[in-house]
Amino acid sequence: MKFLPLIWMNVWRRKIRTAFTLLCVFIAFLLFGIVMTIKGAFTLGVEIAGLDRLVLINKVTLILPLPISYRARIQQTPGVEVATHQTWFNGAYQETTNVLTTIAVEPEPFLAIYPEFVVSKEHADAWLADRQGALVGKDLAARYNWKIGDRIPLISPIWAPKSPWEFNIVGFYDGGSSVDKTQFFFRYDYLNENRSEGARDLVGWYVVKIADPSKAVDLGQTFDAMFANSGSETKTTTEKGFIEGFAKQIGDIGAITTAIASTVLFMFGMVAASTMVQSVRERTNELAVLKTLGFTDATILTLVLSESLFITVVAGGLGLAAAWLIVLRGDPTGGLLPIFVLPPADIVLGVVLMVLMGVVTGLSPAMGAMRLKITDALRRN
Amino acid sequence: MVWLRQTIAVMLVSLKTIPARLGSSAVAIIGIAGVVVVFVSVLSISAGFQNAMGGGVEPPRAIILRAGSDTEMTSGLSGDDARLIKEAPGIRHEGGNPLASAELYAIVEIPKKSAPDSGANVPLRGIEPVAMSVRENFSIIEGRMLQFGTNEVIVGKAANSQYVGLNVGETLVSGQNRWKIVGIFEADGGVAETEVWCDVHLMQGAYMRVNSFSVMVVRLDSMDSFQPLTASLTKNPQLNVDVRREHEYYRSRSEAMTRLINTLGFGIAFLMGIGAVFGAVLTMYTAVATRTREIATLRALGFNTASVLVSVLAESLVLGAIGGIIGATAAYFGFNGYQTSTMNFQTFSQVAFAFRVTPGLLATGLIYALAMGLIGGLLPAIRAARLPISSALREL
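Going line by line, the protein sequences match chains D and X.
Those letters in the first sequence? Residues 476 to 856, per my numbering, in order.
Those letters in the second sequence? Residues 1176 to 1571, per my numbering, in order.
FYI, nobody ran anything at the bench for these hints, they're computed from the structure.
Any given hint might turn out to be false.
As the list claims (entries may be wrong) - Simulated pairs of lysine to aspartate or glutamate, EDC-like, Cα-Cα distance not exceeding 20 Å:
| no. | chain 1 | residue 1 | chain 2 | residue 2 |
| --- | --- | --- | --- | --- |
| 1 | D | Lys715 | D | Asp687 |
| 2 | X | Lys1288 | D | Asp727 |
| 3 | X | Lys1288 | D | Glu719 |
| 4 | D | Lys715 | X | Glu1262 |
| 5 | D | Lys684 | D | Glu591 |
| 6 | X | Lys1332 | X | Glu1317 |
| 7 | X | Lys1261 | X | Glu1317 |
| 8 | D | Lys596 | D | Asp649 |
| 9 | X | Lys1410 | X | Glu1262 |
As the structure is a computational prediction, the values presented were derived from the model and not from experiment.
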């Protein structure tokens, strides 16, 4: 600690050089934070999806329906706590191109299965009391300035209604940072009653809460066997696997973002390394004098490493902090990336990378400084 | 004139001595090259996607969907609708029959070769025999055409290369349906190449859509027949449809994805660019610092300050150009033509496309690189021009 003034002085030896190096590393970690946020936006839904929830879809494709009669049989299977269904509504608000995430559910089981959706008892009761009631995510309501009691008309191209679809906003739901708060849930009984006869009693998919997550695979096989060779065969996965499937369909986002982040860190790491090399090279005399005075090799090594660590950790820390602040302002694409947050795991990764970068960029010059032979160094002009 | 000769002389000296400063120059070059690579490669994704969705020559075709449906998937037309639409004006006829194909569009879950344990929404299109005549850019490249009335299917070139098990002779098992693959087709690199085509009547049975279609694809008499066709169909009280040019429809289905990728790409490249400029500044400061005595000598000899300034700027521009060329070349050879596929969330189905490094992108990348070099060299250049000669000559 007594060497801090020495370290500080050496870091700011050439003010402009250090300033720009700090700026480069700052940008590097700012970008790191943003790129990790983008990666999270595509894959984070996977983190929160329950391992104790299974999803059953039509084996042919998700867009084909399943009969509602399956529900009872699923519920009666041992190991099942709650079996409920959901149906994609494809509701558009104000314009046919503005399709929201609208899903028809059974209200009571839905609330029981998803503890991550935080709903006040008041709102939950209101929803159970109003058939045309809708439970709306906080972010979605904020986007359109919806209030409790608003009557919202939606258009759906896939369900021909007897009377136009209208919903009463009776409640909002909130959730953690990795919960999608732009969804619109309403009641299945309203959907079933208002749509045409031909589509009666059909549901989109089943969500099943099971008592023991370790039995997920077995139960999945049980369900699929139960409905094999029927009109609508099923395919069961864990909810996590189901959501992961969508991310995988889009592409290997992880690989692309990792590649970009690596390129960025490498590029700016080079800048930091170059700065450290120059800084040590022009100090050979001074380092020789320090050694003459009695500074040990280890101390010299530590001094130089501290300088490079100072640069990467301070600038990197500020960069990550700036990224975090920018991400706080929310999704910049206006709805395409509903989960927009810098995952804590990546913040930790960033800190580790900062330290690593400091060590890697400082190591070679530090070792060179450590190995300096006093007489050679003093002789060098 | 003298000014110009001085400037060129100093410039040549500084450029010729770049190799002596390769180490520090590398910092700027790699920084700028890195930015260009990321910029060009990310934007080549959206360029390729857009090209697959709506590139090339506009075909003389229109598609008819149910009114208010934005995609083929959510649209539904009845058999009666189809019959009425076939009688509309503006549709080309061949051998007395209208070139109008009633088709059913859905998806079938098939794993991607790059993620074999997870299903992807591959488009399945049910067609009538006339569909072949409606589309003039279509040809079978392996195997043969499917036999209507059977469960035979043909798959697009891109579908065959991107998804598991879509080879001639194999059977696609989907629930209780078994589709036998008998041929592979190509269609000018468009979206159709990501699709699997089957007989519409068999598909209607498999997907519980009796006598129902998703879309009518028609060949127009001429590009201008679009107007009378639209007028006639929208005025018909028995029909409730939207008529769109096929090209415009596919273009519009690529907007969200393209906008997302471009926003992210430009944003990241912009931030990286700022960093690269800082890197270039560092390099040029080092360059100026190592040549302080040289510059001071030149100025003492009478070379004007402008020539010094221009020479530093020229050096950083050259570094920018080198970085830009390296980056552009790496991006082109590394990514151009790379085949991949993704799910277009606007249509909820897969689109196979190839990364497309266009000349426009390369040019933009190079210009960006030159700009970064220029901006990076500005401050150091001014500093070099303002060096007080006496103190500079004194410096070791």
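Results for each hint:
1. D/Lys715 - D/Asp687: Within the cut-off at roughly 15 Å; holds.
2. X/Lys1288 - D/Asp727: holds (12 Å)
3. X/Lys1288 - D/Glu719: Given that 20 Å is the threshold and the Cα spacing comes to 16 Å, the pair holds.
4. D/Lys715 - X/Glu1262: With a Cα-Cα distance of about 50 Å, the restraint between D/Lys715 and X/Glu1262 is violated, given a limit of 20 Å.
5. D/Lys684 - D/Glu591: holds (14 Å)
6. X/Lys1332 - X/Glu1317: It holds: about 9 Å lies between the C-alpha atoms, which stays within 20 Å.
7. X/Lys1261 - X/Glu1317: violated (32 Å)
8. D/Lys596 - D/Asp649: holds (13 Å)
9. X/Lys1410 - X/Glu1262: holds (14 Å)
Checked against the numbered hints given earlier, the structure breaks hints 4, 7 and satisfies all the rest.
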